[in-house]
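Asker: Sequence:
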Amino acid sequence: MNGICALCKKTARLKGSHFMPKAIYRAISKGFPEHGQEIVLITGSDRSAAYTDKQVKKHLLCEGCELKFSKNGEDKVIPLMARPNGFKLATKIKKFKELSHVKGETWYFPPNYETALDFMYFAISIAWRLSATDWSTFGLPETKNSIREESMVAFSDFLLGNTELPANTYLAVYVDNQIVDAPLMGFPTVKNHDGYQHIVFNIPGMKLSLISGSSPGAGILETFSINANNVYFISCSLKSHPDYHFMVNFLKNESVAKGRLKNERRKSV
1 MNGICALCKK
11 TARLKGSHFM
21 PKAIYRAISK
31 GFPEHGQEIV
41 LITGSDRSAA
51 YTDKQVKKHL
61 LCEGCELKFS
71 KNGEDKVIPL
81 MARPNGFKLA
91 TKIKKFKELS
101 HVKGETWYFP
111 PNYETALDFM
121 YFAISIAWRL
131 SATDWSTFGL
141 PETKNSIREE
151 SMVAFSDFLL
161 GNTELPANTY
171 LAVYVDNQIV
181 DAPLMGFPTV
191 KNHDGYQHIV
201 FNIPGMKLSL
211 ISGSSPGAGI
221 LETFSINANN
231 VYFISCSLKS
241 HPDYHFMVNF
251 LKNESVAKGR
261 LKNERRKSV
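So that you can map any letter, position 236 of the sequence shown is 236 in this note's numbering, and since no number is skipped, the others follow by simple counting.
It is possible that part of the hints are untrue.
Derived DSS-like pairs: lysine-lysine, alpha-carbon spacing no greater than 27 Å straight-line [said to hold, decoys possible]:
1) K15 x K103
2) K88 x K71
3) K95 x K76
4) K103 x K10
5) K103 x K88
6) K239 x K92
For each label pair, taking beta carbons as the anchor points, the in silico distance ranges come out as [said to hold, decoys possible]:
7) T189 x V153: 17 to 27 Å
8) I226 x M1: 43 to 53 Å
9) S29 x H241: 46 to 56 Å
10) N85 x N112: 19 to 29 Å
11) K22 x G86: 31 to 41 Å
Just so you know, these hints were derived from the structure itself, not from any lab.
Just so it is clear, CB atoms sit at the ideal spot from N, CA and C, and this is done for glycine as well.
Please model the entire structure based on the sequences and the hints provided.
Answerer: Have a look at this one:
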């Protein structure tokens with residue numbers, strides 16, 4: 001269909017743009033056959049859980065901007081995520097320069113500026129998609145304009161190639177150091193704070209955590225002050241994080257099962 005591209009603002013034929021990249025769905029369904037044909041969508045808005053093969057997408061970007069997202073981020077990051085035959089990033093991270101080791105987390109610098117940019121671009125492209133349009137028809141909460149205007153301007157300039165890095169933006173890539181036996185893809189969530197926002201999402205084996213805003217606090221500024229590209233990698237156990245336990249508890253004890261998942265739960269009781 002024809003329309004105005006949400007990123008470059010040009011009139012063009014719009015592509016069917018996925019919220020989370022199609023390659024992630026494909027990697028889960030093809031790479032984890034015991035899970036991929038049994039993908040469970042957990043929806044917080046109606047507290048439901050159900051099997052699904054539905055992919056979240058809508059006409060949003062022109063072909064040129066779609067290619068930017070693929071070339072500058074997705075094609076570089078997705079091949080590194082966890083798969084049954086290995087987790088490339090978890091192997092590579094052991095050779096990165098170490099910053100510190102605290103409470104089971106080992107922080108590393110990116111191996112080079114290009115890798116930092118690849119992950120920053122990928123993370124920003126997902127966060128930007130969250131706020132650029134409303135995805136609520138797919139069971140998500142209302143998302144349009146959920147990220148503050150000053151950050152969205154910085155994100156757009158960076159995605160279009162007008163700036164080398166997005167202003168006032170910091171990225172931590174958490175890399176699971178355990179066996180990834182249950183692939184997880186999580187849509188971005190936004191937590192609002194005075195002076196900044198915290199945007200988090202998951203792909204198999206990784207949690208990407210963005211801080212964006214002009215006043216993120218002294219601790220964050222100090223941590224990133226020695227790293228010009230504003231990106232760190234952190235090796236840790238994602239299953240030990242409170243977010244993972246919250247998700248598991250919600251799925252098992254609080255969510256309302258629908259469809260075939262509901263029938264299977266009845267049989268298991």
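Asker: Each of the hints needs a verdict: does it hold here or not?
Answerer: Against the structure, the hints come out as follows:
Only pairs whose Cα atoms come within 27 Å are accepted, and K15 paired with K103 is rejected, the gap being roughly 45 Å. Straight-line distance between C-alpha atoms of K88 and K71 comes to about 19 Å, which keeps the hinted pair within the 27 Å bound. Of the pairs offered as hints, the one joining K95 and K76 holds, with about 18 Å between alpha carbons and a cut-off of 27 Å not exceeded. Taking the CA atoms of K103 and K10, the gap is near 48 Å; set against the 27 Å cutoff, the hint is violated.
Proposed proximity of K103 and K88 is supported: the alpha carbons are some 24 Å apart, at most 27 Å. This hinted pair checks out: K239 and K92 have alpha carbons roughly 20 Å apart, not beyond 27 Å. The beta-carbon spacing between T189 and V153, approximately 21 Å, falls within the hinted interval of 17 to 27 Å. A hinted range of 43 to 53 Å for the beta carbons of I226 and M1 is consistent with their spacing of about 47 Å.
Taken as a hint, the range 46 to 56 Å is violated for the pair S29 and H241, whose Cβ atoms sit roughly 25 Å apart. For the pair N85 and N112, the beta carbons lie near 26 Å from each other, so the given range of 19 to 29 Å is met. Under the hint 31 to 41 Å, the C-beta atoms of K22 and G86, about 22 Å apart, miss the expected range.
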